[in-house]
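Student: If you want the building blocks of each chain, they are given just below.
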Amino acid sequence: MTEAVVIPMEHGLLLAAILFSIGLGGVMVRRNIILILMSLEIMLNACALAFVVAGARWAEADGQIMFMLVLTIAAAEVAVGLGLLLQVHRRFGTLDIDRANRMRG
Amino acid sequence: MLELGLFYIAASVALISTILSVTRYNATHALIYLIISLLGSAIIFYLVGAPFAAALEILIYAGAIMVLFVFVIMMLNLGASGDNQEHRWLQPGMWILPSMLCLVLLGEITYILSTGNHALAGNVVGPKAVGIELFGPYVLAVEIASMLLLAGLVGAYQLGRRYMVDVREDDDLEKEADADADRDVEGDAV
Amino acid sequence: MADFIYLIPLAPLVSFVVLFLTLGKMPKRLVTVTGVGSIAISASIVFLLGFEYLSQLDPQPYAVSLYTWMNLGGFTPKVSFYIDGLSLVMMFVITGVGLLIHIYSALFMFEDKDYSRFFSYMNLFVSAMLLLVLADNLMLLFVGWEGVGLCSYLLVGFWHEESANGAAARKAFIVTRVGDTFMALGMFLLFWHLGTLDIQPMVEQAGNTWQTGDSMATIACLLLVGGAVGKSAQLPLQTWLPDAMAGPTPVSALIHAATMVTAGVYLIARTHELFLLSPVALNVVALIGSITLLMAAFTAMTQTDIKRILAYSTISQIGYMFLALGVGAWSWGIFHLMTHAFFKALLFLGAGAVIYSLHHEHNIFKMGGLRTKLPVAFWSFMIGSAALAALPFTAGFYSKDGILLAAYHHGEFGPWFWGAGLLGALLTSIYSFRLVFVVFFGATKTQPEAPAGWGMAVPLIVLCFLAIIGGQFQLPVTSVFPAAAEMDHSGAIAYITPAVPIIGVLIAYLIFLRHSISITGWTESTLGKRLNRFWFSHWAMDWLYGHLFVKPYVSITRINKHDIVDWFYNFVAETTSFAHDISSTTQTGQLRTYAAVMVAGLVIIISIFLGVSLP
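Line order of the protein sequences matches chains V, G and Y. For the first sequence, my numbering assigns the number 1 to the initial residue and increments by one for each residue that follows. For the second sequence, my numbering assigns the number 1 to the initial residue and increments by one for each residue that follows. For the third sequence, my numbering assigns the number 1 to the initial residue and increments by one for each residue that follows.
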């Protein structure tokens, strides 16, 4: 596909922004830890989308490389986050994040 | 022209499924919707000329990370009680303030973007070009990323170990470890 | 000989350090040798130095500088010693009388368990006093001044197991401290206006800067007088001296009769050129001297404790010295200082012998008829009291006579001062011979033990000699002070002045020995009793100070029992704690709250950036 495709970068970035806000809202509202982690994934994906779209606008590989690094981060973070989730479930018997509030005061 | 239309369709799909994902009561439903959103993102990647990124998105993001989520949800085995919990926890009124904050944020970013310039034509950037860049100027980033993955691996192993292996108390485990050590020593002496 | 000047204060100081570091570990003989020997070294060097100085045809004062103490932006006090006639006389008195008293106390204090502590403090005192009189600048003088104050405290409270002695020591220290503060203020003022504290350059500069009668000179002099009255126990700071008799008798003899209390007199004499610029200050000095000598004389007549009589007598005699300085009879004042040292030390040591033999009985009305049993003490008291009363041909006669005649011929108030001095002389002879007649004559009420040995007798005998022949000394102070006015030895005054003490002795004889005149009718009457109590309490000064200073201060401390300053600091701490309680409510422990706060913060920051960068 060697045709020039005109997809405005701003639209792509706008999409990324909207997805990011939705993810942010999810983090703030949801009480279940799994749902919070999923919302974090949404936010990371939105950032990755922004990188790729911006890189494609300049026809450089840098955007995709940054996307790969974001992917790496997301993977590591999910691994550790789910481990923590298992510990919380073991200790409190529930997945309610409001139960883990001993750092109060 | 066609690509532009496809782009908008894929974008709206991703948007709607994301919104649905965040608002579901059932965790598994939310997960499936999220996967759909990721697929939509992959299509967008392909449309802007980053096929490698599209492939990676599906393979790793949707194929590995989300599957991890699936495993954990299934392991926790929440069932119907999870749904009831969510009904109690997630009330509609709680969406007001976060939505306001997010809308404001969105508005700002929109404004910023609107003062930028239009994109020009973009060519396809294939895997070969990505590879050359990656192991050329960005090789340090590759190394650091691998260390990060190692750290994540170790952390996940440690955090999950007790849960997966056994649920005995720490003291019992220590006693067993000491007894094992003594037996080993005696064994060597003999 | 000038090379060895530093040894004069150094020998006793070294002895103090040695004795203090080996408290209780050295054998008593060694302690005696160290303690007395160091003073002997100082005394011998003083004698040699004096010889050398006086054998010159025209002795020139000189200074020996050891090192510069500090260098602060042009203020460079040095540790340097000044030798002239005045400092030689003072050193002679300090080391000579000091040596005799040290020999005496070697026997007097021998039984005491704190023997080496006593000698260490005494040596420290002598060292500080020598530093005071040798000092070439007011800073070094102040060091010696404070040093003798410290030693006075240490020695008055020597038997500190009894709390009354500690209280007396504290009283002495605190009252003299008030004086020291005035003196420090005076020094500040002098430095500020004259730029130096070295005495000779300072008084020269004062002559250039201030006219005679300048108010600044008056203020500076009055502040120095404030310091002097504290140390020399004059009005209004004399209440500490009678209580300081709680110390051992040699201490009373050395510190509170012969040497420390004369430091104030020395200070005024040393800075006399400054005082000459301020006639007001000189009049004040003379006035203080006259009033004090009368007050103390009246009190001494009613006292019953042998040492307290001598203490009030000391206050009275120093009043004479102040009077002499105030009327410009500088040399006579210093002369009286020297003779007073002789006969007062003699009296105190004699009193010590009496107390020692009577197992620490102090009340004179419980003594009596000791004339035959303690002959050395008796003759010491006779000669000492004769000198004190200024009977003809004793040392005290020449000095007191000189002062009174000089006072008479001075200015418009001269005759008033002379009258006061004369009345004082009358009372002095009455109370001193009252003491002699009550203690040594009449029936024996307490049986004495055998008199003490040679260790105590020899110094007494030496002092007896000095008390008689001391009047013949020609002091080398004429070059130091401006020439006194020619004394008019004619007229009735010259005959009345020596006659009055003899009349006093006669009165005392008739009342206390012959019992021809009975004063019981007078003393038993209501007025007599009131007067007796009034004079006994030293004109109610202790009561006055108690109500004026002590009671308000104690009530203030009672009000401030819950320390106001403490309350302020508690308030600060409690406010911080309260603020912490409020801030810690933001730490809810809820992750979602934190996330929401972070997002809100992000929104605010971006808004600010946008707002700032808007065109």
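Keep in mind that the hints were calculated from the coordinates and are not lab data. This one's a predicted model, so the numbers in the text were calculated from it and none came from an experiment. Even for Gly, the Cβ is constructed at its ideal location relative to N, Cα and C. A couple of the hints might just be wrong.
[As the list claims (entries may be wrong)] Pairs of lysine to any residue residues, derived as SDA-like cross-links and limited to a Cα-Cα distance of at most 20 angstroms, are as follows: (1) Y:K366 x Y:F413; (2) G:K128 x V:E60; (3) Y:K28 x Y:V17; (4) Y:K78 x Y:Y6; (5) G:K128 x V:M66; (6) G:K128 x V:W58.
[To be verified] Derived CB-CB ranges, DEER-like: (7) Y:A167 x V:R104: 28 to 34 angstroms; (8) G:M75 x V:W58: 19 to 25 angstroms; (9) V:Q87 x G:A177: 18 to 24 angstroms; (10) G:M75 x V:N101: 45 to 51 angstroms; (11) Y:H562 x V:T94: 50 to 56 angstroms.
Student: Now tell me if each hint is right for this structure.
Tutor: These are the hints, each one checked on the structure:
1. Of the supplied pair hints, the one linking K366 (chain Y) and F413 (chain Y) is violated, its CA atoms being roughly 43 angstroms apart against a limit of 20 angstroms.
2. Distance restraint check for K128 (chain G) and E60 (chain V): the Cα-Cα separation of roughly 12 angstroms lies within the 20 angstroms cut-off, and the hinted pair is therefore satisfied.
3. With a C-alpha separation of about 16 angstroms, the suggested pair K28 (chain Y) and V17 (chain Y) falls inside the 20 angstroms cut-off, and the hint holds.
4. Our distance criterion of 20 angstroms between C-alpha atoms is met by K78 (chain Y) and Y6 (chain Y), whose separation comes to about 13 angstroms.
5. Of the supplied pair hints, the one linking K128 (chain G) and M66 (chain V) holds, its CA atoms being roughly 16 angstroms apart against a limit of 20 angstroms.
6. Proposed proximity of K128 (chain G) and W58 (chain V) is supported: the alpha carbons are some 17 angstroms apart, at most 20 angstroms.
7. Separated by about 60 angstroms at the C-beta atoms, A167 (chain Y) and R104 (chain V) break the suggested range of 28 to 34 angstroms.
8. For the pair M75 (chain G) and W58 (chain V), the beta carbons lie near 44 angstroms from each other, so the given range of 19 to 25 angstroms is not met.
9. Restraint check, Q87 (chain V) to A177 (chain G): a C-beta distance of roughly 21 angstroms satisfies the suggested window 18 to 24 angstroms.
10. Evaluation of the 45 to 51 angstroms hint for M75 (chain G) and N101 (chain V) yields a failure: the beta carbon distance comes to about 25 angstroms.
11. The supplied range of 50 to 56 angstroms is met by H562 (chain Y) and T94 (chain V), whose beta-carbon atoms lie about 53 angstroms from each other.
Hint compliance for this structure: hints 1, 7, 8 and 10 are broken, all remaining hints hold.
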